[in-house]
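Trainee: Listed below, chain by chain, are the residues.
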Amino acid sequence: MTRILLSSVAAATLLASAHGAVAQTEIQWWHAMGGNLGETVNQLADGFNKSQTEYKVTPVYKGSYTETLTAAIAAFRAKQAPHIVQVFEVGTANMMAAKGAVYPVYEVMADAKEPFDPKAFIGPVYGYYSTTDGKLLSMPFNSSTPVLYRNKELMEKAGLDPNKPPTTWPELGEMAKKAVAAGAKCGFTPQWQTWTMIENYGAWHNLPYATKANGFGGTDIELKFNDPARVKFIQMLADWSKDKTFVYGGREGKSTALFNAGDCVFHIASSASAAGIEKALGQDKVGISMMPYSPDVIAKPQNSIIGGATLWTLKGKPAGDYKGVAKFLSYLSSTPVQAKWHQETGYVPVTLAAADVTKKAGFYQKHPGRDIAVEELTLNPPTENSKGLRIGNFVQIRDIVDGELEAVWSGKKDAKTALDDAVKAGNEQLKRFEAANK
Amino acid sequence: MEKRVTFNERWLPYLLVAPQIVITLVFFFWPSGQAIWQSLLIEDAFGGNSKFVWFDNFINLFNDDSYYSSARVTVVFSFLVAAIGLGLSLFLAVMADRVIRGATAYKTFLIWPYAVAPAVAGVLWGFLFNPSVGIVAWMLQAIGIEFNYVINGNQALLLVVIASVWNQISYNFLFFLAGLQSIPKSLIEAAAIDGAGPGRRFWDIIFPLLSPVGFFLLVVNIIYAFFGTFGVVASLTQGGPANATEILVFKVYNDGFRGQDLGGSSAQSVILMIVVILLTFVQFRFIERRVHY
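Keeping their order, the protein sequence lines are chains A and B. Residue 1 is where the first sequence starts when you use our numbering, and the numbers rise one by one after that. Residue 439 is where the second sequence starts when you use our numbering, and the numbers rise one by one after that.
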């Protein structure tokens, strides 16, 4: 079955690439940005195409992240790969391991003699996608980080000051309990629980997710997220779920429906969800602030890590094409483009300059809270534990963690057993990954 | 005596079956062959770093608890989908067969769900039972039943079964109805004259005469439960919560396409293929004997 799909995808690719431009060199860019985001992507490509005449970037929407990656893999195997493909952050280790398939960005830039300054990038954005010695592998494109959203209306109803967000977990718990007592259907619900409650909780509290600097130092690693701090934290959430102080709303982004419906007081979600949330609840009813931290674990939060996707360059095209790729990647990370992208989509800009321009344009005054994401990412210089994650078979490991957390929320397991089991099953995946990539 | 038309050309029969053979070769044997080959390899997704590992992928699966739990879920799920689906549609067909006025309208309504794609069926049912905005969940809550398929595994499985059965009921219904209508009225009338009540007439006459249709539907429904329900699971639960609805075919997809573990995923498809071949074989070999044609 796998093969039928793969080969039909490849066939479709052949058809798609058959009608290219003749005079200009065409650069194929496969992405996973649908709807409004897709429109913005097309505008970015248009902007580049108008800025010069030698190259023409053709963005092609390929469906979800998974579908896009699968299509690119099938196309690569059929020797019909696009130049650039957008891959989600959890695919990073697998992409890195695909030697012979990927053309690291730092090499693309160097070979094309395209000027490139790593220092311009925001630390954790750059770090997530670079080697231990600071060489960039893929171009950060859409990055976000979890922030805390609050429903001001529900806070007022509970007699809380809507302009004073909780800064620690005990505070959040207290406020959520008060709101539930005042009639709110749900106190707090997180989005992408594996990313927000386990991975980012770790970075925020400077705790390791895995050995060898979260996998940056090699593939022979073990998971570490079953530490006492996180066991205690997850158990606390499980206890909260008894009186709806905590409500589990489903995997990935599903819980946002609860917050958007006005059920929940607090919601930890991707900074890129801001536009959608403000649209659903009304901008004046939503407050955005930094994620809370546990004061018994750390005195001051460290910094958050990103999620989202990057652009990988694939090998197998004529050498001349990659000059165009390098030019396009430079264009994408240029300040005006990044500022536009940040303001229109809610993703964080990949460079500090773009954040400054946005600030000077008064964007954050009109949209309070949209600067929180950058603030969280740049709170402190990233440590080994908060640079990012480089975990093989990460998609499966996240599924495992999702499953175990669900076992906690439904009361089947206590937090310690569930996290221990998740680490054990996850380590099996890591062993498998290491064996496949020796 | 029967009258037979015969063709003497030697090649004609081969020519006539050739299109079917070609389709089977291209769409079944070739991809299955690829799957079997792939199941013996470990490689990164882009096809570099390929290693031939004999049966390592299978050994990994048999040492993997999550594979067994997925297999258990599949058995329970398939049994429920086939049993409830067949039982309910037989009941509906028997009832519809008796209706005299407005029969066409009933039949049309019963056939409608088949026009809905499984993925859409999943979305529809998911919406009805959505814990925060679903109308059915809301009504259940009003009578004191906490229905939250996002957290509760059994409820999620139940919901996936309901959506799958609902989607398949029309198909079963059509076949059962056709089967019922082909039963000679004279047999039923004769039994009625002999004093057999409706229940007796059903179990002793209608049911045995319906068994070829029922058998055919059993095979189709089990295959449906194994493969066709993918869309329902994918759109409704993605295998969750805590893998309570992760049927084997979904795991194949999840590991292969989301996880890019092509070797492990192919090994799972090979096992799935063997299981279905065996099941169909068993059904034809043993159950068919009891079927009256």
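Calculated from the structure, these hints are not laboratory results. Backbone N, C-alpha and C fix where the C-beta goes; we use that ideal spot for every residue, glycine too. Just to be clear, a hint being listed does not mean it is correct.
Footprint (simulated), chain A over chain B, 3 or more residues, beta carbon under 8 Å [unchecked claim]: (1) 477-491; (2) 581-591; (3) 679-687; (4) 690-696.
Keeping only pairs whose Cα atoms sit at most 25 Å apart, straight-line, the calculated DSS-like set for lysine-lysine is [said to hold, decoys possible]: (5) K99(A) with K489(B); (6) K431(A) with K113(A); (7) K489(B) with K79(A); (8) K431(A) with K489(B); (9) K315(A) with K545(B).
Trainee: Give a verdict on every hint.
Mentor: Hints, one by one, checked against the model:
1. 477-491: As far as the stretch 477-491 of chain B goes, the hint holds, because 9 residues have Cβ atoms under 8 Å from chain A.
2. 581-591: holds (count 4)
3. 679-687: holds (count 3)
4. 690-696: With 6 residues closer than 8 Å to chain A, the stretch 690-696 of chain B meets the three-residue bar; holds.
5. K99(A) with K489(B): With a Cα-Cα distance of about 15 Å, the restraint between K99(A) and K489(B) holds, given a limit of 25 Å.
6. K431(A) with K113(A): Between K431(A) and K113(A) the Cα gap is close to 39 Å, so the pair fails against 25 Å, i.e. violated.
7. K489(B) with K79(A): holds, 20 Å
8. K431(A) with K489(B): holds, 16 Å
9. K315(A) with K545(B): violated, 58 Å
Hints 6 and 9 from the list above are not met by this structure, while the remaining hints are.
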